[in-house]
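Number of protein chains: 2
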Amino acid sequence: MASSLDLEREIETQNALFNELRLSGSDPAGLEEVKKKLGELKRSLGQAKAKTAADGSAASGSKDAAAKKKGRILLKTPKGTRDYGPAEMFCREYVERIVKDCFTTYGGSCLDTPVFERKEILAGKYGEDAKLIFDLMDQGGEQLSLRYDHTVPLARYLSMMGGTNTQSKLWQVGKVYRRDNPVMSKGRMREFSQADFDISGTWDPMIPDAEIISLVCTILSKLDVGEFTIKINHRKILDGIFEVCGVPSEKIRTISSAVDKLDKLPWADVKKEMTEEKGLDPSVADKIGEYVKHKGGPELLDQLLADPALSANPSAKQGLEDMSLLFTYLSAYNVINRLSFDMSLARGLDYYTGIIYEAIVEASAPPGFKANPPVDPSSAPSPAPKKKASKKVKNEDGEEEEEVDESQVGVGSIAAGGRYDGLVGMFSAAAAGDSKPKGSVPCIGISIGLDRIFAIIWPKWVEKGKRSKETMVYVMAAGDGLIVERMKLVKELRDEGIKVDFLAKKKPKLPVQFAAGERDEVPFAIILGENEIKEGYVMVKQQKWEMIDGKKVKILAEGDEKGEKVDRGQLVQWLRTTRTWKEWEDGKL
Amino acid sequence: MASSLDLEREIETQNALFNELRLSGSDPAGLEEVKKKLGELKRSLGQAKAKTAADGSAASGSKDAAAKKKGRILLKTPKGTRDYGPAEMFCREYVERIVKDCFTTYGGSCLDTPVFERKEILAGKYGEDAKLIFDLMDQGGEQLSLRYDHTVPLARYLSMMGGTNTQSKLWQVGKVYRRDNPVMSKGRMREFSQADFDISGTWDPMIPDAEIISLVCTILSKLDVGEFTIKINHRKILDGIFEVCGVPSEKIRTISSAVDKLDKLPWADVKKEMTEEKGLDPSVADKIGEYVKHKGGPELLDQLLADPALSANPSAKQGLEDMSLLFTYLSAYNVINRLSFDMSLARGLDYYTGIIYEAIVEASAPPGFKANPPVDPSSAPSPAPKKKASKKVKNEDGEEEEEVDESQVGVGSIAAGGRYDGLVGMFSAAAAGDSKPKGSVPCIGISIGLDRIFAIIWPKWVEKGKRSKETMVYVMAAGDGLIVERMKLVKELRDEGIKVDFLAKKKPKLPVQFAAGERDEVPFAIILGENEIKEGYVMVKQQKWEMIDGKKVKILAEGDEKGEKVDRGQLVQWLRTTRTWKEWEDGKL
Numbered sequence: 001m002a003s004s005l006d007l008e009r010e011i012e013t014q015n016a017l018f019n020e021l022r023l024s025g026s027d028p029a030g031l032e033e034v035k036k037k038l039g040e041l042k043r044s045l046g047q048a049k050a051k052t053a054a055d056g057s058a059a060s061g062s063k064d065a066a067a068k069k070k071g072r073i074l075l076k077t078p079k080g081t082r083d084y085g086p087a088e089m090f091c092r093e094y095v096e097r098i099v100k101d102c103f104t105t106y107g108g109s110c111l112d113t114p115v116f117e118r119k120e121i122l123a124g125k126y127g128e129d130a131k132l133i134f135d136l137m138d139q140g141g142e143q144l145s146l147r148y149d150h151t152v153p154l155a156r157y158l159s160m161m162g163g164t165n166t167q168s169k170l171w172q173v174g175k176v177y178r179r180d181n182p183v184m185s186k187g188r189m190r191e192f193s194q195a196d197f198d199i200s201g202t203w204d205p206m207i208p209d210a211e212i213i214s215l216v217c218t219i220l221s222k223l224d225v226g227e228f229t230i231k232i233n234h235r236k237i238l239d240g241i242f243e244v245c246g247v248p249s250e251k252i253r254t255i256s257s258a259v260d261k262l263d264k265l266p267w268a269d270v271k272k273e274m275t276e277e278k279g280l281d282p283s284v285a286d287k288i289g290e291y292v293k294h295k296g297g298p299e300l301l302d303q304l305l306a307d308p309a310l311s312a313n314p315s316a317k318q319g320l321e322d323m324s325l326l327f328t329y330l331s332a333y334n335v336i337n338r339l340s341f342d343m344s345l346a347r348g349l350d351y352y353t354g355i356i357y358e359a360i361v362e363a364s365a366p367p368g369f370k371a372n373p374p375v376d377p378s379s380a381p382s383p384a385p386k387k388k389a390s391k392k393v394k395n396e397d398g399e400e401e402e403e404v405d406e407s408q409v410g411v412g413s414i415a416a417g418g419r420y421d422g423l424v425g426m427f428s429a430a431a432a433g434d435s436k437p438k439g440s441v442p443c444i445g446i447s448i449g450l451d452r453i454f455a456i457i458w459p460k461w462v463e464k465g466k467r468s469k470e471t472m473v474y475v476m477a478a479g480d481g482l483i484v485e486r487m488k489l490v491k492e493l494r495d496e497g498i499k500v501d502f503l504a505k506k507k508p509k510l511p512v513q514f515a516a517g518e519r520d521e522v523p524f525a526i527i528l529g530e531n532e533i534k535e536g537y538v539m540v541k542q543q544k545w546e547m548i549d550g551k552k553v554k555i556l557a558e559g560d561e562k563g564e565k566v567d568r569g570q571l572v573q574w575l576r577t578t579r580t581w582k583e584w585e586d587g588k589l
Numbered sequence: 001m002a003s004s005l006d007l008e009r010e011i012e013t014q015n016a017l018f019n020e021l022r023l024s025g026s027d028p029a030g031l032e033e034v035k036k037k038l039g040e041l042k043r044s045l046g047q048a049k050a051k052t053a054a055d056g057s058a059a060s061g062s063k064d065a066a067a068k069k070k071g072r073i074l075l076k077t078p079k080g081t082r083d084y085g086p087a088e089m090f091c092r093e094y095v096e097r098i099v100k101d102c103f104t105t106y107g108g109s110c111l112d113t114p115v116f117e118r119k120e121i122l123a124g125k126y127g128e129d130a131k132l133i134f135d136l137m138d139q140g141g142e143q144l145s146l147r148y149d150h151t152v153p154l155a156r157y158l159s160m161m162g163g164t165n166t167q168s169k170l171w172q173v174g175k176v177y178r179r180d181n182p183v184m185s186k187g188r189m190r191e192f193s194q195a196d197f198d199i200s201g202t203w204d205p206m207i208p209d210a211e212i213i214s215l216v217c218t219i220l221s222k223l224d225v226g227e228f229t230i231k232i233n234h235r236k237i238l239d240g241i242f243e244v245c246g247v248p249s250e251k252i253r254t255i256s257s258a259v260d261k262l263d264k265l266p267w268a269d270v271k272k273e274m275t276e277e278k279g280l281d282p283s284v285a286d287k288i289g290e291y292v293k294h295k296g297g298p299e300l301l302d303q304l305l306a307d308p309a310l311s312a313n314p315s316a317k318q319g320l321e322d323m324s325l326l327f328t329y330l331s332a333y334n335v336i337n338r339l340s341f342d343m344s345l346a347r348g349l350d351y352y353t354g355i356i357y358e359a360i361v362e363a364s365a366p367p368g369f370k371a372n373p374p375v376d377p378s379s380a381p382s383p384a385p386k387k388k389a390s391k392k393v394k395n396e397d398g399e400e401e402e403e404v405d406e407s408q409v410g411v412g413s414i415a416a417g418g419r420y421d422g423l424v425g426m427f428s429a430a431a432a433g434d435s436k437p438k439g440s441v442p443c444i445g446i447s448i449g450l451d452r453i454f455a456i457i458w459p460k461w462v463e464k465g466k467r468s469k470e471t472m473v474y475v476m477a478a479g480d481g482l483i484v485e486r487m488k489l490v491k492e493l494r495d496e497g498i499k500v501d502f503l504a505k506k507k508p509k510l511p512v513q514f515a516a517g518e519r520d521e522v523p524f525a526i527i528l529g530e531n532e533i534k535e536g537y538v539m540v541k542q543q544k545w546e547m548i549d550g551k552k553v554k555i556l557a558e559g560d561e562k563g564e565k566v567d568r569g570q571l572v573q574w575l576r577t578t579r580t581w582k583e584w585e586d587g588k589l
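Heads up: the sequence lines are chains R and D, in that order.
Quick note on numbering: full-length UniProt numbering labels position 547 of the first sequence as 547, and the sequence is numbered without any gaps.
Quick note on numbering: full-length UniProt numbering labels position 315 of the second sequence as 315, and the sequence is numbered without any gaps.
Any given hint could turn out to be false.
Pairs of lysine-lysine residues, derived as DSS-like cross-links and limited to a Cα-Cα distance of at most 27 Å, are as follows [as the list claims (entries may be wrong)]:
#	chain 1	residue 1	chain 2	residue 2
1	R	K505	R	K491
2	D	K488	R	K491
3	D	K488	R	K231
4	R	K125	R	K264
5	D	K562	R	K100
6	R	K544	R	K562
Simulated from the structure, these hints should not be mistaken for laboratory data.
Bound conformation, chain R alone:
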């Protein structure tokens, strides 16, 4: 009987194959076969797992050891990480290109920091989540950790630059690392890509804030993620509410993190946490419950401004004034309809000092969720699925982990951030050996979860059978193979910037060359022949592919079954003026 790991590996391979085949428009019979094989493998895996469970815990964690005993190595990527193959990367590069293009459209400049930082830089920034930081081994030198996000390295950079940073808008795109329990199918990974945009410096109130909100709306509109909502709140309003309701000041942060769970837990559970775990007076909790159930637009702001208790609280008053100005600006940017002022949004990180926000899409939510919920300030917080009783299991490396029911997990928020005015000053103070924040560099930023976006977009690409390569021309030859002549033409076209390929065989048969070009779905097939070379022309066939009944079908241009005779000297110009070329350039991505 094959081991679970072998089976898992084989399933992974077959899954990848299935997607590649589907994308390359293979015939349905072939697809069916791979599908059948996948089914069988999954059944075998189920049996193997059941057997392991029956063998008891002594057996778990032993596969790795068993492999080692046999001198075998496990061919896999580390837990919570994966490879991205050619078709997937084509989609990921597309997403990244759109995001970067929006970043520069908003005046951003790129920053790149190392993938690891000195451990002390990350220390004390992530609260309870610090346990998720990946540390490097001490190999005789510095104590290093993999970066957990882009925000802390940015703050370190800004603090190091002092006043010499010449660009207030900086963006970073790259991977960050968290030793969390992965849910791979939803883009929750241990290694994942984030695209950050931050605005630093002292500017007039709410202008950078509005820029960031408008930016994230622009990006999500350009990416095909479906309907989305930006949930927004303000730390100063939240803190004001807590004060008004009578939360003791030392409990404000811990009560705030209880509120943050309202998107996953019903109010009753959150109240229980506040009162039973955190010792809050139930009447205080009830007052908080009245406030945090509110969601809405600018009209909610009017309602809160009319609340005499809130208006009398300096923190809430400041927050409400900020929100009011922000809403004015967001109307100018024409994105106000995307906003949901959500009093239950609190966000985990301690360092936020002003507005906080999260972008959610219907496709990214757990089952039962609706984006853009109708505003009904009198309704109770929407019911959320009960937290599943989680089960701790040991994985193949003997590491204890929580078992996650993937069907109950959404992709989560696909972008999030907020204002953090104190973080850069914290670094400057710590570097000076001072306990008080030093020099103020106010900041606001957004992190976009590229893997979560990919998890939403990729299935649509597969369904649409999108091309996954940009190669425009496949150069072939009849008869003797004409390898040197093929190379010359290929080089000539590439020198003109045209993306060209050919079959790396000396004398391949013509149908084999056609098949290779068709696998890449190239729009132009150029065929060389000895006579044609002597007479100074080539044959060109224009071809395109369409999804018909879930299957890729090649369609030749009208009257182009035999191809067209094109003068060799005019070839590049001819190619560029064809309708096929223009169609590709227009609808390219």
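Position chain D against the provided structure of chain R, taking the given hints into account.
The following block gives chain D in isolation, referenced to the frame of chain R:
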């Protein structure tokens, strides 16, 4: 007295500032001042270091500890790593874009693998250099290491995919990690970027090999790295030579690595290593010396083919036939003049099985080096600088390191690679618990050192005063600030894909807005006014910058001192049809 570290940090900051200022065309007086400050800091650093040395070794390694005692943190990036700021990243993104574009022009598809691998995947692949691998801390799970190159993760991926990999040409761009002694100014880092292109699969002889050589020539020609040479050799020819000269088979690899040092050491030193350290008969060494001194083009191949001893050796014969076919193909690609068939090129890694190559440029070599040396087969190996007696010192973390004289170090080869036909099979065999390579997936690849290329190109960019931002339009307003009107216009233009910015102040003075737009060297300044808004037009000024006597100077379009009145409804179209817009699009990068 300031500590060395404080000084080093300050020098780094001032250096960055100097470059930013120079790029942004600051006035010479300001530049001079920063330069002067830099000089002072460097002198202070020298004094501080001398003092530390005088204090004896007890003092070294204590700065970190001292900082900790005071509760201070060191604001710096880890050893051998650095941040890249906006202007530098603009140049790096440009380099990356050219490289990726060439990769797709040659039919490549992107692959992405995790930044760390299971430790056993990297084990046994790098010989002596394995000590340079960064390991992650064991935090209760897998044993992980940061990737050392892209080749081993690629081979792991290909082995996992088995026969299901549908693309033979795969490229990867990303960072790799080596705990080596950094020479930062030459792009030798502990974290550095490599761009790899590999062709896998069974194809006809030397066709993929010619594709890779042509590819690297295309890339280096497109990047402004100056004259370059591709040094090339063949492992089978080298092995044949060793056999013909009488090297015992068990000594072939170790003698090969001695030969590999000929680009850094004179022949006498290499011979000494062969005979005294490695016990080779001096007469055998002399025979090798006769062979490896040869450098040349196709004529050298003829000379070697005429050597009866080599022709009689099966390994050498196979290698010479390969080279002969390769040269035929490289003539078809029209890149033969870039090649230098260099018998002393051996390359360190064990896994190469066929041709091996390195790209070098004049700018990347140590002092005294010349690219494209005249071919003179009778000459002795060119004299090379003597290896400096290196000194071990302790750094601030108490880590022992070699002191490097940066002025004597070149950037080194900027691209290198070779054929490795056995690596994928090694993984498949190891996974099956088999000691013999299993299944053959022949591969050939190239790694391009992006940091080394950046180290060559960046000073030229600074000198030319190249723009480091793409923002096209700066929107301003006279009088009351018109913040909402500015936002509306900015959003309108951005929605059309135009890169636009504005000053995040509510009522900024007009000169302040102009200064901000000029710092970004935007070609279009658009000025809003209340009357203009009512009447439906805007004022537009076209401006460009030129380097005059090492200083950036703003030049207004002819007759454009006052700007032009443009109809608001026609603005986007008007902008796109101006000469300024077209000049920017053409000469953009």
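Cross-check of the supplied hints:
no., hint, in the structure
1, R:K505 / R:K491, "holds (16 Å)"
2, D:K488 / R:K491, "violated (48 Å)"
3, D:K488 / R:K231, "holds (23 Å)"
4, R:K125 / R:K264, "holds (24 Å)"
5, D:K562 / R:K100, "violated (35 Å)"
6, R:K544 / R:K562, "holds (15 Å)"
Checked against the numbered hints above, the structure breaks hints 2, 5 and satisfies the rest.
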